[in-house]
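There are 2 protein chains.
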Amino acid sequence: MNKKPLILVTNDDGINAPGIRNLIETMNEIGEVVVVAPDSPQSAMGHAITINSTLHCTEIKVNDGTHLEYSCSGTPADCVKLAVNEILQRKPDLCVSGINHGSNSSINVIYSGTMSAALEAGIEGIQAIGFSLLDYRWSADFSAIKNYVKKITLSALVNKIPSNVVLNVNFPKLKVNQINGIKICRQAKAYWVEEFDKRTNPMGLDYYWLTGKFINEDKGEDTDEWALANGYISIVPVKFDLTAHHVIQNLNTWDFEN
Amino acid sequence: MNKKPLILVTNDDGINAPGIRNLIETMNEIGEVVVVAPDSPQSAMGHAITINSTLHCTEIKVNDGTHLEYSCSGTPADCVKLAVNEILQRKPDLCVSGINHGSNSSINVIYSGTMSAALEAGIEGIQAIGFSLLDYRWSADFSAIKNYVKKITLSALVNKIPSNVVLNVNFPKLKVNQINGIKICRQAKAYWVEEFDKRTNPMGLDYYWLTGKFINEDKGEDTDEWALANGYISIVPVKFDLTAHHVIQNLNTWDFEN
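Heads up: the protein sequence lines correspond to chains X and R, in order.
Numbering of the first sequence is given in numbering that gives the first Met the number 0, commencing with residue 0 and proceeding in unit increments.
Numbering of the second sequence is given in numbering that gives the first Met the number 0, commencing with residue 0 and proceeding in unit increments.
If you're looking for bench data, these hints aren't it; they were derived computationally from the structure.
Just to be clear, a hint being listed does not mean it is correct.
Note that identical chains are pooled: a pair holds if it fits in a single copy or bridges any two copies.
Unchecked claim - Taking lysine-lysine and the DSS-like style, the derived pairs with C-alpha atoms no more than 25 Å apart in a straight line are:
{"id": "1", "residue 1": "K238", "residue 2": "K218"}
{"id": "2", "residue 1": "K90", "residue 2": "K197"}
{"id": "3", "residue 1": "K172", "residue 2": "K182"}
{"id": "4", "residue 1": "K182", "residue 2": "K238"}
{"id": "5", "residue 1": "K238", "residue 2": "K188"}
{"id": "6", "residue 1": "K149", "residue 2": "K159"}
{"id": "7", "residue 1": "K90", "residue 2": "K212"}
{"id": "8", "residue 1": "K197", "residue 2": "K60"}
{"id": "9", "residue 1": "K145", "residue 2": "K3"}
{"id": "10", "residue 1": "K159", "residue 2": "K188"}
{"id": "11", "residue 1": "K188", "residue 2": "K145"}
Note that the structure is predicted; figures quoted are calculated from it, not measured.
Can you make the complete structure from the sequences, with help from the hints?
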């Protein structure tokens, strides 16, 4: 019998979020699980890391299971760095992040703490998957997607995720019999139009809340947004070489001496 | 005579950093300048945005010049969003971020607050450039690169940066006569090996400082690391479509039902 895979579990909603509790439960069915996750919500933290203040990390036990759990004061990327360098005895076979309460499809990948953890693992040469459910509520129902999370994880372990790539998996908010299957997609070309809610505090000082509207003008049927809107689970392979190789030739024609 | 371009200036080291003061001075020679920058250092913030707390923004005047300046409580990405939506009367012609005190070459682009501001502008359809000098010190000397910052900016305004791409410009720490010129590059495949400095606080609780060593195993002579090590200024075109298009075909062969 093969040795069980070592799976690092993290997220950005914090170690007590229902999303990560569901993910731990599923991962316990697959491998040896170690959880290193933020002690408080870190949503929209992007790929932040903690370099100017200290990090704390405490072993805890939130609920039953064979896994180990550590609560960390840092960002999702910090959690992965700490886990790999200070907590785990060997390099994990897989890092899974989530299940995020809310979408990380399309351009949201760039703001996402969930995906920053997966990317940090990828940069360190560890296979990684970020899981997100299109339901922002704390009471989100993860039962419909449990089997898909397991299938996708097992498939990644068997097929191996290509190197320098991590998977961004988003689930539509649907009942299990309404889900049409899994689609491999590209990131839709979409963006947020901000709407700042300007208010005045009791001392007369103006302040803002950031809100916004998501605009998807990408009509492609190969995008994550199309898949999710049509009842599919989207999987986008994501890379961290951000070079726009296709424009290098153009830039080489620029004359900087003009 | 053409209307002067409207240039938004921001950074991640904070509005009082010498790097942004130098950038403002140069941009005042080129266009109409509005500064919206963080009120305190935001290094390594990645692409964080502020969604769970309030943002403050105050008009200030740090030093002389025709530009307007606003100090903002948020992250670099917040500053761009606030500028575009609440402060500027029209869409800027260009957003410049920096000059960062320290490198944003190679994988550092992903942790960089400087580049997150440029990327945020790019996402919003604004031409954008991030500038960084390979000198972490507050006392870094920006005089050797002043003319290059101006040349690159003017060249971008004339040639137009390709859409959905922003420029990541890094300057070697050299005297002006030691700089060999400008190279268009790809992001080197490099990474950090973390070294956590574990300590115990006066209450007996363990804590960590994140430190690390930068490892570049990429031998290519077309990378930003090669250019910088050989006395060149590196320009990497950076995109925010993170899709790893080249592996989609491979992923489509996976059987999720096994």
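Now the hints, each set against the structure:
In this homomeric assembly, K238 and K218 come within 25 Å of each other (Cα to Cα) both inside a single copy, at 23 Å, and across copies, at 20 Å. Only between protomers do K90 and K197 lie at most 25 Å apart by alpha-carbon distance; the minimum there is 20 Å, versus 47 Å within a single protomer. With identical chains, the CA atoms of K172 and K182 are at most 25 Å apart within one copy only, with a shortest distance of 16 Å there and 47 Å across copies. Taking the shortest Cα distances, K182 and K238 sit within 25 Å of each other both inside one copy (18 Å) and across copies (24 Å).
Both within a single protomer and between protomers do K238 and K188 lie at most 25 Å apart by alpha-carbon distance, with minima of 16 Å and 12 Å respectively. When the C-alpha separation of K149 and K159 is checked against a cutoff of 25 Å, the pair qualifies only within one copy, where the shortest distance is 15 Å, while the shortest distance between copies is 47 Å. In the homo-oligomer, the alpha carbons of K90 and K212 lie at most 25 Å apart only across protomers (18 Å), although the nearest pairing inside one protomer, at 40 Å, exceeds that limit. With identical chains, the CA atoms of K197 and K60 are at most 25 Å apart between copies only, with a shortest distance of 23 Å across copies and 42 Å within one.
Taking the shortest alpha-carbon separations for K145 and K3, only the intra-copy value of 20 Å comes in at or below 25 Å, while the best inter-copy value is 57 Å. For the identical chains of this complex, K159 and K188 are inter-copy neighbours only, at 20 Å across copies versus 27 Å inside a copy, given an alpha-carbon limit of 25 Å. For the homomeric pair K188 and K145, neither the shortest alpha-carbon distance inside one copy (29 Å) nor that between copies (35 Å) is at most 25 Å.
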